[in-house]
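**Q** Protein chains in written order, with the working numbering: chain A, 3 to 329; chain B, 210 to 517.
In case anyone wonders, no lab produced these hints; they're calculated from the structure. Treat the hints with caution; some may be incorrect.
Stated by the list, open to error - Cβ-to-Cβ under 7 Å is the rule here; a few derived chain B residues that face chain A:
| hint | residue |
| --- | --- |
| 1 | Asp414 |
| 2 | Tyr415 |
| 3 | Thr418 |
| 4 | Ser421 |
| 5 | Lys422 |
| 6 | Gly423 |
| 7 | His433 |
| 8 | Arg436 |
| 9 | Asn437 |
| 10 | Pro512 |
| 11 | Arg513 |
Beta carbons: idealized from backbone N, C-alpha and C, even for Gly.
Below, each chain spelled out in residue letters.
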Amino acid sequence: MNSCILDIRDLEISFFTQAGEIKAVNNISLQLKDGEVLGIVGESGSGKSVASYSIMGLIAEPGKIVNGNIRFNNHTIETMGKKELQKIRGKEVSIVFQDPNTSLNPLLSIGSQLIEVIIRHTNKTKKEAKERAVELLGLVGMNEVDKRLKQYPYEFSGGMLQRVMIAIALACEPKLLIADEATTALDATIQAQILELLLQIKKKNSMSIIMITHDFSVIANICEKVAVMYAGRIIEYGKTEDILYNPKHQYTMGLLKATPNINSHIHEKLVPIKGSPVDLLNPPLGCPFAPRCEKCMKICLRSMPKNKVISDDHYTACWLLEKKLWS
Amino acid sequence: MRSLIKHIVKRFAYSLFTIFLIATITFFLMNLVPGGPFLSEKNLSPQITEVMNDKYGLNEPVIIQYKNYMIKLAQGDLGVSIINKGRDINDIIYEKFLISAKVGFITIVLAITIGIAMGVVAAISKGKLVDRLLTIFSTLGMAVPNFVIATALLIIFGVKLRILPTYGLSSSAHFILPVLTLAFYPMAYIARLLRTTMLDVLDQDYIRTARSKGLSEFQVLVKHGLRNAITPIITYLGPMIAYILTGSFVVEKIFSIPGLGGEFIGSINGRDYPMIMGTTIFLATIMVSMNFIVDILYKVIDPRIELN
Ligand SMILES: Nc1ncnc2c1ncn2[C@@H]1O[C@H](COP(=O)(O)OP(=O)(O)OP(=O)(O)O)[C@@H](O)[C@H]1O
Ligand code: SF4
Ligand SMILES: [Mg+2]
Numbered sequence: 003m004n005s006c007i008l009d010i011r012d013l014e015i016s017f018f019t020q021a022g023e024i025k026a027v028n029n030i031s032l033q034l035k036d037g038e039v040l041g042i043v044g045e046s047g048s049g050k051s052v053a054s055y056s057i058m059g060l061i062a063e064p065g066k067i068v069n070g071n072i073r074f075n076n077h078t079i080e081t082m083g084k085k086e087l088q089k090i091r092g093k094e095v096s097i098v099f100q101d102p103n104t105s106l107n108p109l110l111s112i113g114s115q116l117i118e119v120i121i122r123h124t125n126k127t128k129k130e131a132k133e134r135a136v137e138l139l140g141l142v143g144m145n146e147v148d149k150r151l152k153q154y155p156y157e158f159s160g161g162m163l164q165r166v167m168i169a170i171a172l173a174c175e176p177k178l179l180i181a182d183e184a185t186t187a188l189d190a191t192i193q194a195q196i197l198e199l200l201l202q203i204k205k206k207n208s209m210s211i212i213m214i215t216h217d218f219s220v221i222a223n224i225c226e227k228v229a230v231m232y233a234g235r236i237i238e239y240g241k242t243e244d245i246l247y248n249p250k251h252q253y254t255m256g257l258l259k260a261t262p263n264i265n266s267h268i269h270e271k272l273v274p275i276k277g278s279p280v281d282l283l284n285p286p287l288g289c290p291f292a293p294r295c296e297k298c299m300k301i302c303l304r305s306m307p308k309n310k311v312i313s314d315d316h317y318t319a320c321w322l323l324e325k326k327l328w329s
Numbered sequence: 210m211r212s213l214i215k216h217i218v219k220r221f222a223y224s225l226f227t228i229f230l231i232a233t234i235t236f237f238l239m240n241l242v243p244g245g246p247f248l249s250e251k252n253l254s255p256q257i258t259e260v261m262n263d264k265y266g267l268n269e270p271v272i273i274q275y276k277n278y279m280i281k282l283a284q285g286d287l288g289v290s291i292i293n294k295g296r297d298i299n300d301i302i303y304e305k306f307l308i309s310a311k312v313g314f315i316t317i318v319l320a321i322t323i324g325i326a327m328g329v330v331a332a333i334s335k336g337k338l339v340d341r342l343l344t345i346f347s348t349l350g351m352a353v354p355n356f357v358i359a360t361a362l363l364i365i366f367g368v369k370l371r372i373l374p375t376y377g378l379s380s381s382a383h384f385i386l387p388v389l390t391l392a393f394y395p396m397a398y399i400a401r402l403l404r405t406t407m408l409d410v411l412d413q414d415y416i417r418t419a420r421s422k423g424l425s426e427f428q429v430l431v432k433h434g435l436r437n438a439i440t441p442i443i444t445y446l447g448p449m450i451a452y453i454l455t456g457s458f459v460v461e462k463i464f465s466i467p468g469l470g471g472e473f474i475g476s477i478n479g480r481d482y483p484m485i486m487g488t489t490i491f492l493a494t495i496m497v498s499m500n501f502i503v504d505i506l507y508k509v510i511d512p513r514i515e516l517n
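If we strip away everything but chain A, and leave its shape as in the complex, we get:
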């Protein structure tokens, strides 16, 4: 029943720049079931966007999938040609990009940017596509939709553009929606409405969602699973409650301490994680978090910890959890 819509195995993505090879995604594996909502968290530069773009075959020069495979909805993404990818992009999988202000074409009206994706993937006439566009803008909570369709991106606020992007992504009822910080520019009320809308559509179409976010309240609200990324790796993965209340990796714990506690009434002091992110040009031999980890041991510097299963659907890569070490 719960079949996999997405199955990523041993994925490695590098950017070959003049300075050298940047290992943006380093050996990640990930499964996503039909209708499942996965959150991806991790600090800036940890590879969240790059990993998710690869699902659409959107890694551009100088980036390259160095290893691994991506199976999405019975397609093998990494070997698909341009033409085949065009058929699924925007239709079976769509994405809401991170920066709404630069992600829409400044010279085309909102309407034409919304209608073109509908025309491309359905048999609708221009008129029917326009009706659908009106409906979609209504869904994401926009007023005076007819007028809005004729307007240009510069006439919209960041939050409005983000909603337009969401409407575009939802236009052809995708099997998988990738939302890359798709609610950051929205105020709290609108954000709650949009999340509610996504959950409704997910239920109706059994759409899966990947939510990339820095916001643990979004995670707590709609995600079933969470992947924590650090230096291009998934260092911890689990059910939302496991990650939020029973984190096992030192980095996840640090990340949670650095965020306002959403459920407790106790106002804990926020503790930012000390140190700076890993240099992806020269990734360390051992645990990438070692230079910043308070519990760092000798072995952490020497070799990379393996994934350790803690319970069903919960695993992490940290030497502290290797029983062998203690016994």
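Starting from the known structure of chain A, fit chain B with the ligands onto it as the hints suggest.
**A** Here is chain B with the ligands on its own, set in the frame of chain A:
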């Protein structure tokens, strides 16, 4: 929409004023230049010179001459040529401009279409062999003066291969060499500008968005890419089109085309004041009109441009 009309009216008035200024400046500059149509080489007797000067109003005070000229100009009358046996300057310019503009128009269409195609191809094959070849071509096209290109084409196709005519404009084949000569520079220029703007545009986030929607490569490159890449170069197209339409003296001389460019130089050599004035004002008007059109076009294409 209303602000656009207001803007058009404003720009139009501004354009008229520019032409007025140019006419005024040319008029007074002309009167500062020593010599006159009836002096120099022609060895006319002083009496005849006097009679002629009288006839063409050259003995009046400058300010009166200026007034008379401007009144006529306002009615669209550029006066009569002194050298061309009293022919109407309007007629001469009309006849010559038609010839230059015919060659110029074909040149512009060729330069814009091929220039754009070259720029796009270079941008999407950045760093590859095609791109390098196109870069070499456009560098040459911009660096080599057109009389060199004209001579080279003339020798190859006209003298050595003997497959193309080189003199006059009596058949459509006659247009090929002058058009090619004239097209080189603008074609290279457009290709180079467009390569730069296109590369910049292709790096933008909205291109990635277009791809993420599953649009065809053509839609991505033309609808989303080219449109944005062309806008910044429209500004350059105005003066370029005006320049080409009005004819190049050098090219007209080499291919014996009786166009406006040659006529202009002829009138300068002959000190034909009214003709020089008339041609200058005409050229200025073409230039100002092109800028006017480009300015409006720019506003229509790019909705972000503020109209105040
Ligand atoms: N075009 C590129 N060229 C070179 N390096 C790149 C390119 N795109 C991404 N990277 C590198 O890949 C790494 C991961 O980037 P990514 O955008 O996935 O981070 P992220 O987790 O989404 O961060 P953020 O939270 O800031 O969006 C970064 O170190 C970045 O420098
Ligand atoms: S492996 Fe070592 S350095 Fe890495 S998080 Fe665990 S304890 Fe810290
Ligand atoms: Mg990102």
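**Q** Against this structure, judge whether each hint is valid.
**A** Evaluated hints:
1. Asp414: Because about 4 Å separates B/Asp414 from the closest Cβ in chain A, which is inside the 7 Å limit, the hint holds.
2. Tyr415: With Cβ-Cβ at 4 Å, under 7 Å, it holds.
3. Thr418: 5 Å, holds
4. Ser421: Hint on B/Ser421: holds, closest Cβ of chain A at ~5 Å, below 7 Å.
5. Lys422: 4 Å, holds
6. Gly423: Status holds, d = 4 Å.
7. His433: Because about 5 Å separates B/His433 from the closest Cβ in chain A, which is inside the 7 Å limit, the hint holds.
8. Arg436: B/Arg436 check passes; min Cβ-Cβ to chain A is 5 Å, inside 7 Å.
9. Asn437: Where the cut-off is 7 Å and the nearest Cβ of chain A is about 6 Å from B/Asn437, the hint holds.
10. Pro512: 4 Å, holds
11. Arg513: The hint holds - B/Arg513 has a Cβ within 7 Å of chain A, the shortest such distance being about 5 Å.
Consistency with the previously given hints is maintained throughout, with no hint failing.
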